[in-house]
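Asks: From first to last, the protein sequence lines stand for chains A and B. FYI, my numbering numbers position 86 of the first sequence as 86, with every residue one higher than the one before it. For my numbering, count along the second sequence from 1 and bump the result up by 111.
For the record, the hints were derived by calculation from the structure and aren't laboratory data. Do not rely on the hints blindly, as some may be mistaken.
[Unchecked claim] No more than 16 Å apart at the CA atoms, straight line, and that leaves these computed lysine to aspartate or glutamate pairs for EDC-like: (1) A:K42 - A:D97; (2) A:K98 - B:E214; (3) A:K93 - A:E1; (4) B:K177 - B:E163; (5) A:K69 - A:D39; (6) A:K63 - A:D82; (7) B:K166 - A:E45; (8) B:K152 - A:D97; (9) A:K98 - A:D39; (10) B:K166 - B:D176; (11) A:K98 - B:D138; (12) B:K131 - B:E214; (13) B:K152 - A:D39; (14) B:K175 - B:D138; (15) A:K57 - A:E70; (16) A:K68 - A:E55; (17) A:K59 - A:E45; (18) B:K209 - A:D97; (19) A:K68 - A:E56; (20) A:K93 - B:D138; (21) B:K209 - B:E170.
[Claimed, not checked] Label pairs and their calculated CB-CB ranges: (22) A:G16 - B:S129: 18 to 24 Å; (23) A:E56 - B:G172: 46 to 52 Å; (24) A:S20 - B:S129: 29 to 35 Å.
Using N, Cα and C, we set each Cβ at its ideal position, and we do this for glycine too.
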Amino acid sequence: EDQVTQSPEALRLQEGESSSLNCSYTVSGLRGLFWYRQDPGKGPEFLFTLYSAGEEKEKERLKATLTKKESFLHITAPKPEDSATYLCAVAMKTSYDKVIFGPGTSLSVIP
Amino acid sequence: GAVVSQHPSRVICKSGTSVKIECRSLDFQATTMFWYRQFPKQSLMLMATSNEGSKATYEQGVEKDKFLINHASLTLSTLTVTSAHPEDSSFYICSARKTGVKETQYFGPGTRLLVL
Chain A
1 EDQVTQSPEA LRLQEGESSS LNCSYTVSGL RGLFWYRQDP GKGPEFLFTL
51 YSAGEEKEKE RLKATLTKKE SFLHITAPKP EDSATYLCAV AMKTSYDKVI
101 FGPGTSLSVI P
Chain B
112 GAVVSQHPSR VICKSGTSVK IECRSLDFQA TTMFWYRQFP KQSLMLMATS
162 NEGSKATYEQ GVEKDKFLIN HASLTLSTLT VTSAHPEDSS FYICSARKTG
212 VKETQYFGPG TRLLVL
């Protein structure tokens with residue numbers, strides 16, 4: 001069964017304390033993996049798309065990496081404004097349109 | 112850019128009435144748009160995929176006669192919740208994929224529906 005899981009479910013960091021969020025997937029052929037940020041009561045905001053193992057992308061304090069089984073979202077020296085839910089989603093080769101979302105990691109950065 | 116708007120942002124209606132939600136891609140053309148539903152503290156659940164000029168494809172368990180989707184142009188898709196009931200109360204989010212660009216979906220801000 002195609003599945004996307006994320007860990008931890010919630011993460012509380014002190015400002016400046018770097019950490020990583022994990023997204024693990026078991027799908028029948030990966031076409032792309034996406035990271036989104038979602039603030040309460042708002043739609044997800046696109047962060048990154050990764051297509052193949054070994055690929056990395058960076059944006060400000062965020063860096064996303066991809067292996068054949070999982071992806072990590074590394075947050076370096078986070079600030080309170082980085083507090084949000086981070087969603088991982090996977091597009092599969094077997095279905096052109098369908099994207100499976102993980103349950104998300106709720107990140108809180110304490111000043 | 113890739114800006115997607117939704118209207119209204121929140122709506123309260125009486126049970127039995129119908130509600131229409133609009134999703135627009137403001138600065139790009141979107142052959143394909145998607146409608147999701149999100150319950151509190153849960154992830155997004157795909158309801159249907161909407162292709163411009165053709166019938167929407169609904170996910171298993173989603174009633175197509177209850178959730179009417181129309182994708183009349185490359186920048187507009189609408190979701191109509193017909194004969195809404197309290198259990199339809201939820202956060203509805205649309206997304207759009209740029210024509211000719213693979214995979215990445217850009218999301219709207221969402222519509223909060225409350226059915227009394």
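Asks: Confirm or reject each hint.
Replies: Results of checking the hints against the structure:
{"no.": "1", "hint": "A:K42 - A:D97", "result": "23 Å, violated"}
{"no.": "2", "hint": "A:K98 - B:E214", "result": "9 Å, holds"}
{"no.": "3", "hint": "A:K93 - A:E1", "result": "14 Å, holds"}
{"no.": "4", "hint": "B:K177 - B:E163", "result": "20 Å, violated"}
{"no.": "5", "hint": "A:K69 - A:D39", "result": "27 Å, violated"}
{"no.": "6", "hint": "A:K63 - A:D82", "result": "13 Å, holds"}
{"no.": "7", "hint": "B:K166 - A:E45", "result": "27 Å, violated"}
{"no.": "8", "hint": "B:K152 - A:D97", "result": "25 Å, violated"}
{"no.": "9", "hint": "A:K98 - A:D39", "result": "23 Å, violated"}
{"no.": "10", "hint": "B:K166 - B:D176", "result": "12 Å, holds"}
{"no.": "11", "hint": "A:K98 - B:D138", "result": "23 Å, violated"}
{"no.": "12", "hint": "B:K131 - B:E214", "result": "27 Å, violated"}
{"no.": "13", "hint": "B:K152 - A:D39", "result": "12 Å, holds"}
{"no.": "14", "hint": "B:K175 - B:D138", "result": "29 Å, violated"}
{"no.": "15", "hint": "A:K57 - A:E70", "result": "15 Å, holds"}
{"no.": "16", "hint": "A:K68 - A:E55", "result": "11 Å, holds"}
{"no.": "17", "hint": "A:K59 - A:E45", "result": "13 Å, holds"}
{"no.": "18", "hint": "B:K209 - A:D97", "result": "12 Å, holds"}
{"no.": "19", "hint": "A:K68 - A:E56", "result": "13 Å, holds"}
{"no.": "20", "hint": "A:K93 - B:D138", "result": "28 Å, violated"}
{"no.": "21", "hint": "B:K209 - B:E170", "result": "22 Å, violated"}
{"no.": "22", "hint": "A:G16 - B:S129: 18 to 24 Å", "result": "51 Å, violated"}
{"no.": "23", "hint": "A:E56 - B:G172: 46 to 52 Å", "result": "37 Å, violated"}
{"no.": "24", "hint": "A:S20 - B:S129: 29 to 35 Å", "result": "46 Å, violated"}
The structure fails to meet hints 1, 4, 5, 7, 8, 9, 11, 12, 14, 20, 21, 22, 23, 24 from the earlier list, while all remaining hints are met.
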